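Starting from the structure of chain A, add chain B where the hints point.
Protein chains: 2
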Amino acid sequence: MKQNKQYVRAGFQGERGAFSEIAVRQLLGSESDPIPIEWFDGVFQALMDKKIDAAVIPMENTLHGSVIENFDHLLNHDIEVVGETSVRIVHNLIALPGVAFKDIKEVYSHPVALNQCLKFLHQNPQVEKKTFYDTAGSVKMLAETKRRDAAAIASNLSADIYGARILKRGIEDDRANFTRFFLLQRKGGTVKGKMPPSKKVSIVLSTKNEPGSLFRALAALALRDISLTKIESRPLKGKPWEYLFYIDFEGTLKDVKVQNAIRHLEEVADFLKVLGGY
Amino acid sequence: MKQNKQYVRAGFQGERGAFSEIAVRQLLGSESDPIPIEWFDGVFQALMDKKIDAAVIPMENTLHGSVIENFDHLLNHDIEVVGETSVRIVHNLIALPGVAFKDIKEVYSHPVALNQCLKFLHQNPQVEKKTFYDTAGSVKMLAETKRRDAAAIASNLSADIYGARILKRGIEDDRANFTRFFLLQRKGGTVKGKMPPSKKVSIVLSTKNEPGSLFRALAALALRDISLTKIESRPLKGKPWEYLFYIDFEGTLKDVKVQNAIRHLEEVADFLKVLGGY
Numbered sequence: 003m004k005q006n007k008q009y010v011r012a013g014f015q016g017e018r019g020a021f022s023e024i025a026v027r028q029l030l031g032s033e034s035d036p037i038p039i040e041w042f043d044g045v046f047q048a049l050m051d052k053k054i055d056a057a058v059i060p061m062e063n064t065l066h067g068s069v070i071e072n073f074d075h076l077l078n079h080d081i082e083v084v085g086e087t088s089v090r091i092v093h094n095l096i097a098l099p100g101v102a103f104k105d106i107k108e109v110y111s112h113p114v115a116l117n118q119c120l121k122f123l124h125q126n127p128q129v130e131k132k133t134f135y136d137t138a139g140s141v142k143m144l145a146e147t148k149r150r151d152a153a154a155i156a157s158n159l160s161a162d163i164y165g166a167r168i169l170k171r172g173i174e175d176d177r178a179n180f181t182r183f184f185l186l187q188r189k190g191g192t193v194k195g196k197m198p199p200s201k202k203v204s205i206v207l208s209t210k211n212e213p214g215s216l217f218r219a220l221a222a223l224a225l226r227d228i229s230l231t232k233i234e235s236r237p238l239k240g241k242p243w244e245y246l247f248y249i250d251f252e253g254t255l256k257d258v259k260v261q262n263a264i265r266h267l268e269e270v271a272d273f274l275k276v277l278g279g280y
Numbered sequence: 003m004k005q006n007k008q009y010v011r012a013g014f015q016g017e018r019g020a021f022s023e024i025a026v027r028q029l030l031g032s033e034s035d036p037i038p039i040e041w042f043d044g045v046f047q048a049l050m051d052k053k054i055d056a057a058v059i060p061m062e063n064t065l066h067g068s069v070i071e072n073f074d075h076l077l078n079h080d081i082e083v084v085g086e087t088s089v090r091i092v093h094n095l096i097a098l099p100g101v102a103f104k105d106i107k108e109v110y111s112h113p114v115a116l117n118q119c120l121k122f123l124h125q126n127p128q129v130e131k132k133t134f135y136d137t138a139g140s141v142k143m144l145a146e147t148k149r150r151d152a153a154a155i156a157s158n159l160s161a162d163i164y165g166a167r168i169l170k171r172g173i174e175d176d177r178a179n180f181t182r183f184f185l186l187q188r189k190g191g192t193v194k195g196k197m198p199p200s201k202k203v204s205i206v207l208s209t210k211n212e213p214g215s216l217f218r219a220l221a222a223l224a225l226r227d228i229s230l231t232k233i234e235s236r237p238l239k240g241k242p243w244e245y246l247f248y249i250d251f252e253g254t255l256k257d258v259k260v261q262n263a264i265r266h267l268e269e270v271a272d273f274l275k276v277l278g279g280y
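Chains as they are written, first to last, in the working numbering: chain A, 3 to 280; chain B, 3 to 280.
If we strip away everything but chain A, and leave its shape as in the complex, we get (with noise of 0.2 Å):
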């Protein structure tokens, strides 16, 4: 870890490589130090620990769909969201310098991985795929066993980052397949994202359980003019069957019109967070 002051220390999810970091870099540029960190429990907690300045994580993908657990973190951490970003998921076939197409017998990644390379593995028989729990991480396994016969599935930062080569680039089945991803703060923070801003504000909230109250709660937006671009459903713990939102629009906290939509919205909804400008 570089010790100089001007580097935001920030944590993502996953082994060197992974592509949260490539996140990472279109967030705060190559003036961050990424810093690897095993669960997405573990982000928070060393956010939360003041281990590191930022954390980025995914929060949805366009084919899978959100990244529910981190919903949760979001919730329950005194964090803010201060940036956004969207990476194209390019899956590629990495192996050791030297090694050829033809001497490769295994490719490892992870399943989801595997899963989006169907084609490629359907059209290369001779390839026996191999589940791993990490994609970066299974080149990091090839450079540290030095395997000459097996390939893994990972972004082409893995590749450079653990000297391997890419042997076919993009993979992937479908082209459509970005992840989105959040870059957070300890509440107060002075963390600044390298990307122009979104103009979009995260809020979470639950309503009354009464008819028509979602209906309601959009209707502070969209008596507003204010455009909701994600709605996500979580379950209420200890409550069963009532439900938490996780709203995204449009929109600044300068804005008069979003503050007045948001103290609309605290007359309308039981419980209120704003989870952040972006």
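These are computed hints drawn from the structure, not numbers from a lab. The model shown is predicted, which means the values in this text are computed figures rather than measured ones. Do not rely on the hints blindly, as some may be mistaken.
Identical chains blur together in the list; that is why a pair holds if it fits in one copy or across any two.
What the hints assert, rightly or not - Heads up, simulated DMTMM-like pairs for lysine to aspartate or glutamate below, C-alpha to C-alpha not over 20 Å straight-line:
1) Lys132 - Asp162
2) Lys232 - Asp74
3) Lys241 - Asp176
4) Lys239 - Glu174
5) Lys232 - Asp175
6) Lys131 - Glu244
7) Lys241 - Asp175
8) Lys53 - Glu269
9) Lys53 - Asp80
10) Lys121 - Asp162
Just chain B now, kept in the frame of chain A:
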């Protein structure tokens, strides 16, 4: 499998004794043949191939949220929802007959079930937790391997089915742990559930990608005093950051008010599918 024509062949995911089989019994009574199937997509395929008459699948859990894979399957198959039920998830410590609690060195179960019994596991550190692919499957494994130093965490039904005994009942941390199941048939089938009707309708729709479109869709329900009971968003494949909304509301498909609301929804939606009334 019994050959008597009166028996409904009801497919579910998992091993015999799974919580889904408890849902089969609640939904179809004892006049059903519960048919265990390994994967969710296999259950849907068996229904389409007429290998089973009905399918019983979990849609959401009050602690974990939606079983998102099954929402996609509902959209992509020509099926209808004809019933729902909710099962309280009670975890029991189960061992073979004659095995005492003090003999237990290891406890096997699905990682989700182990995570829902953390208090019990912390209070009994002499018992090592071991992950297994299935709750009921771990009881089956005990019966097959005749292990006398191990227990499983699973449903009371799985103890009955595999001739095992419950050593401790209800060891789950949180009693507000329910799973909601749908009873499905092929479109136009004649399966009748034994549960009293819920008087609910499930639909899935996508809205035009323009401000206020979800609000206008919900207006079709709210302006008719139709109570929305659940909304769930899922990414629309091939259209990054656009969504499908799965919506449940109160009413029956015979209500004129509901028929009008569906006609109104068809006007404002890009796409709409009625999944069923039950």
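| query | Are the CA atoms of lysine 241 and aspartate 175 at most 20 Å apart within a copy, between copies, both, or neither? | reply | Only across copies: lysine 241 and aspartate 175 sit 15 Å apart there, 40 Å inside one copy, limit 20 Å.
| Quick one: lysine 121 to aspartate 162, C-alpha cut-off 20 Å, is that within a copy, between copies, both, or neither? | Neither: 25 Å inside a chain and 44 Å across chains, both beyond 20 Å.
| message | At most 20 Å between CA atoms: does that hold for lysine 232 and aspartate 74 within a copy, between copies, both, or neither? | response | Cα proximity of lysine 232 and aspartate 74: in one copy and across copies (16 Å, 18 Å).
| Identical-chain pair category, lysine 232 with aspartate 175, by Cα at 20 Å | Result: close neither inside a copy nor across copies, 26 Å intra and 33 Å inter.
| query | Given identical chains, is lysine 239 near glutamate 174, meaning Cα to Cα at most 20 Å, within a copy, between copies, both, or neither? | reply | between (37 Å within a copy, 15 Å between copies)
| Is it within, between, both, or neither for lysine 53 and glutamate 269, if the alpha carbons may be no more than 20 Å apart? | neither (37 Å within a copy, 53 Å between copies)
| task | Please work out whether the CA atoms of lysine 131 and glutamate 244 approach to 20 Å or closer within one copy, between two copies, in both situations, or in neither? | result | This pair counts as neither: shortest intra-copy Cα distance 41 Å, inter-copy 32 Å.
| message | If the cut is 20 Å between Cα atoms, do lysine 53 and aspartate 80 qualify within a copy, between copies, both or neither? | response | within (15 Å within a copy, 52 Å between copies)
| Should lysine 132 paired with aspartate 162 be assigned to within, between, both, or neither, using CA atoms and 20 Å as the limit? | neither (22 Å within a copy, 37 Å between copies)
| Same-copy or cross-copy closeness of lysine 241 to aspartate 176 [CA-CA at most 20 Å] | Answer is between; shortest inter-copy Cα gap is 11 Å, intra-copy 39 Å.
Checked against the numbered hints given earlier, the structure breaks hints 1, 5, 6, 8 and 10 and satisfies all the rest.
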